[in-house]
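> Take a look at the letters that make up each chain.
Protein chains: 2
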Amino acid sequence: MSETLIQRIKELEEEVEKLKSQLNGNHTETNACPNNNKTNGKKGKKACKERPFDFSAHPRRHVALRLAYLGWAYQGFAVQENTDNTVEARLFEALLKTRLIQDRQSSNYHRCGRTDKGVSAFSQVITIDLRSTQYSGLGVSVPEDSKQDTAAAPELPYVKMLNRVLPRDIRILEWAPAAEGFSARFDCQSRTYRYYFPRGSLDVAAMTDAAKRYEGTHDFRNLCKMDVGNGVLQFERTILSATVEPADPQRADGTHPHDLFVFEIKGLAFLYHQVRCMMAVLLLIGQKLEAPEIIHSLLDVHNNPRKPQYSMAVDYPLVLYDCHFDGLSWKRDAEELGLAMSSLQQHWTESAVKAHVLRDMIRGLDATSGVSSGLCLLVEGSRQRKYRPLLERPLCESLESRIEHFVKRGRLEREQDEAGGETLHKGKRSKYSQNSTGAAAEVVNASPE
Amino acid sequence: MSETLIQRIKELEEEVEKLKSQLNGNHTETNACPNNNKTNGKKGKKACKERPFDFSAHPRRHVALRLAYLGWAYQGFAVQENTDNTVEARLFEALLKTRLIQDRQSSNYHRCGRTDKGVSAFSQVITIDLRSTQYSGLGVSVPEDSKQDTAAAPELPYVKMLNRVLPRDIRILEWAPAAEGFSARFDCQSRTYRYYFPRGSLDVAAMTDAAKRYEGTHDFRNLCKMDVGNGVLQFERTILSATVEPADPQRADGTHPHDLFVFEIKGLAFLYHQVRCMMAVLLLIGQKLEAPEIIHSLLDVHNNPRKPQYSMAVDYPLVLYDCHFDGLSWKRDAEELGLAMSSLQQHWTESAVKAHVLRDMIRGLDATSGVSSGLCLLVEGSRQRKYRPLLERPLCESLESRIEHFVKRGRLEREQDEAGGETLHKGKRSKYSQNSTGAAAEVVNASPE
Chain A
1 MSETLIQRIK ELEEEVEKLK SQLNGNHTET NACPNNNKTN GKKGKKACKE RPFDFSAHPR
61 RHVALRLAYL GWAYQGFAVQ ENTDNTVEAR LFEALLKTRL IQDRQSSNYH RCGRTDKGVS
121 AFSQVITIDL RSTQYSGLGV SVPEDSKQDT AAAPELPYVK MLNRVLPRDI RILEWAPAAE
181 GFSARFDCQS RTYRYYFPRG SLDVAAMTDA AKRYEGTHDF RNLCKMDVGN GVLQFERTIL
241 SATVEPADPQ RADGTHPHDL FVFEIKGLAF LYHQVRCMMA VLLLIGQKLE APEIIHSLLD
301 VHNNPRKPQY SMAVDYPLVL YDCHFDGLSW KRDAEELGLA MSSLQQHWTE SAVKAHVLRD
361 MIRGLDATSG VSSGLCLLVE GSRQRKYRPL LERPLCESLE SRIEHFVKRG RLEREQDEAG
421 GETLHKGKRS KYSQNSTGAA AEVVNASPE
Chain B
450 MSETLIQRIK ELEEEVEKLK SQLNGNHTET NACPNNNKTN GKKGKKACKE RPFDFSAHPR
510 RHVALRLAYL GWAYQGFAVQ ENTDNTVEAR LFEALLKTRL IQDRQSSNYH RCGRTDKGVS
570 AFSQVITIDL RSTQYSGLGV SVPEDSKQDT AAAPELPYVK MLNRVLPRDI RILEWAPAAE
630 GFSARFDCQS RTYRYYFPRG SLDVAAMTDA AKRYEGTHDF RNLCKMDVGN GVLQFERTIL
690 SATVEPADPQ RADGTHPHDL FVFEIKGLAF LYHQVRCMMA VLLLIGQKLE APEIIHSLLD
750 VHNNPRKPQY SMAVDYPLVL YDCHFDGLSW KRDAEELGLA MSSLQQHWTE SAVKAHVLRD
810 MIRGLDATSG VSSGLCLLVE GSRQRKYRPL LERPLCESLE SRIEHFVKRG RLEREQDEAG
870 GETLHKGKRS KYSQNSTGAA AEVVNASPE
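Residue numbers (my numbering), protein chains in the order written: chain A, 1 to 449; chain B, 450 to 898.
These are computed hints drawn from the structure, not numbers from a lab.
Any given hint could turn out to be false.
Unchecked claim - Per the computed footprint, the stretches of chain A lying under chain B, defined by three or more beta-carbons under 8 Å from a beta-carbon of chain B, are:
hint: 1; segment: 87-100
hint: 2; segment: 204-213
hint: 3; segment: 267-276
Claimed, not checked - Pair ranges (Cβ atoms, derived):
hint: 4; chain 1: B; residue 1: V528; chain 2: A; residue 2: F53; range: 12 to 22 Å
hint: 5; chain 1: A; residue 1: P389; chain 2: B; residue 2: K780; range: 38 to 48 Å
hint: 6; chain 1: B; residue 1: G787; chain 2: A; residue 2: N108; range: 54 to 64 Å
hint: 7; chain 1: B; residue 1: E463; chain 2: A; residue 2: S342; range: 33 to 43 Å
hint: 8; chain 1: B; residue 1: V528; chain 2: A; residue 2: D366; range: 30 to 40 Å
hint: 9; chain 1: B; residue 1: V528; chain 2: A; residue 2: N108; range: 41 to 51 Å
hint: 10; chain 1: A; residue 1: D366; chain 2: B; residue 2: E463; range: 56 to 66 Å
hint: 11; chain 1: B; residue 1: E463; chain 2: A; residue 2: D103; range: 32 to 42 Å
Stated by the list, open to error - Straight-line distance between alpha carbons at most 16 Å, and here's what the computed EDC-like set of lysine to aspartate or glutamate pairs gives:
hint: 12; chain 1: B; residue 1: K459; chain 2: A; residue 2: E11
hint: 13; chain 1: B; residue 1: K566; chain 2: B; residue 2: E604
hint: 14; chain 1: A; residue 1: K18; chain 2: B; residue 2: E530
hint: 15; chain 1: B; residue 1: K715; chain 2: B; residue 2: E623
hint: 16; chain 1: B; residue 1: K467; chain 2: A; residue 2: D300
hint: 17; chain 1: A; residue 1: K20; chain 2: B; residue 2: E466
hint: 18; chain 1: A; residue 1: K10; chain 2: B; residue 2: E530
hint: 19; chain 1: B; residue 1: K459; chain 2: A; residue 2: E392
Where is the CB? At the ideal position from N, CA and C, for every residue including glycine.
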């Protein structure tokens, strides 16, 4: 959202100021003390430990946290080597600053999914061990030599504490105590994504028909970016539902080009860029450049073992909308939700107003109010040339070829199993080799969108 | 729009890189030659005159240009001393780069209005003398000693030439030849503004009723920011129409908080910040904090000679939507309009998609889908405290007091006129004193929003 872009601009402007000062021989250093909860940890400074905090003296609690964030100003959810600008980086700064964890390594942290650069989430869930005031209760573990405090203080207000130090476009919505061993990654029952797009001149009915064909259990290797190097060797995934619906159900009449629709897809687990690839194909079908049957061809990996080259859909319309877990008792803070709502409303107001300013300019230029056809606006890469049908395009490398590539480099190893078949596991030269087992060591990439 | 914010981010990122290089002892200087039409003139470098261009050898043509621009990334339309980031700065760079003018001072430039920081325009009009290929035709003036070229070449493609070098969020829409003496500023028949806002929990019917009360000729000193220092001494203005309507006429049913409305106001000329002050009062009426009758009180300068203190509405929803001129024959370039439309559509897509992402998050947080009341989101300054009625608030300085202030400083001078009344004109110490005449030298601020 524009507000997050504006925040990015402010950050950059501050950085420009700082660099200018440095150029002028004034060195500005700030010593952000984590005790100051008001400090915005955006610049990612290491928490200075002025007063060593004795975590071992406190109980810990295994909890789930549900987050929402606008991904437009970040380089993705997961921490990266080459940038500090990730949602996780901000999250861990907040967890350290509030002394809810001692460090990431010991915090027993699992995340439900990863979202890519530009992708937002309304429901990202993590599990983690946080400092607690409780000596009993679900998820609590008490230090061995602590004296039991029988007068039970209320649990720490995790949501409030974190939201106070997180940037405004990252919010903790609720928390839940979790049994030891409960994992955001492995205990997720289903994940739901939404992709928003305008009608333009798309044949939405064809797209709706096509979407349904994604449902079921299929090999999606032709509808993702293969990540063999990370150990993803198996591409069967189950899509529980895939629909295209108006974003405004009460406004479902009419065929206005400026109406918005939502591609909503619910599955157990997703491959890397899977939703954006699926959306890209739907957009081709909507533009009548492909027939809905193309989906069957792409899912028929026996006859089409190699993926045709096509660009995936752009990032900003994608939202990880829900991660579903059974057995968690979520706890909300009404005031915090109100604050989050206010903030979202401000963002929405600005986006919606600007959208209308732009739309009326478009209408002003064209009395017939048409949106130009060929809505390739949502697909990465260059625009319309002469269209080349998917099945006639150059192909990407096959799975076997990629496996061979990594076997040669020692990052995967083949083994004969007992039945005479072959299994693959991470090789000695893999950076994950200490995790390798005899079985095909597929990394279950839960939601690597 | 986000794209312009993203451009700003790119600019800042480039600047950060440049400063970093400088810190590292590498000095990067670029020599932008205006002959290269592809150069983006955004950094405002002076055009280097490598090949002196003999303007006097070419005909000139007095023309009107109609521009559209998104004001969100700029510090306003008019050139300013303390920043280069204005629409006019980009415009003049383009005019110089394309050698359509020699310099601003000799270009006979008039603008229809000024828009403030953050304010956009769908129809800003300027008049100016541009280089021409024509030796006859409306607006053409031919150099004295030129040989007449009887084979008439087509006129220069002004719209194309300028759009090629302007930033994407500033577009020339059309041009028209104009008779000598025709002025964008003084020959404008009417100006129309639009202000977009969401319904929220506003009483839009009351706002619609109230808006009508603005119509007619009134003294608007209580609904503007007085600009006495610039010679604005008279505050009567004529509002031809003032309405509040749904932004989506076909969706006029229902009372959804997320519906957008438009305050549209058409007048001959406007005072500084007039529309935003008028909108602020409408928002108070919509929140039921004031009655529609407050407008009569504010327009009754006899009983209420001093303006109550209140904040004006924010900038980004405001658009200078139309400037109307009689007698101009506008010429469009269909391809250019198509390109401008494409660009707007891309902007719109991003805004509209993000608005829907945000809106669904809001709905997800609140099943009852309510937008919180007190939609002060569109008013500058702090949020709700206990509300203080306008007529009970502290008052701003009166007009007489401000005049006195400037008379004391020599920037205005009083004079007795023949009838024994008093007139004011710019004083010797005014920076405009060379323009002063005996008559009340009011600056007709056409559209200083």
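> Against the structure shown, which of the earlier numbered hints fail to hold, in ascending order?
1, 2, 3, 4, 9, 10, 13, 14, 15, 16, 18, 19
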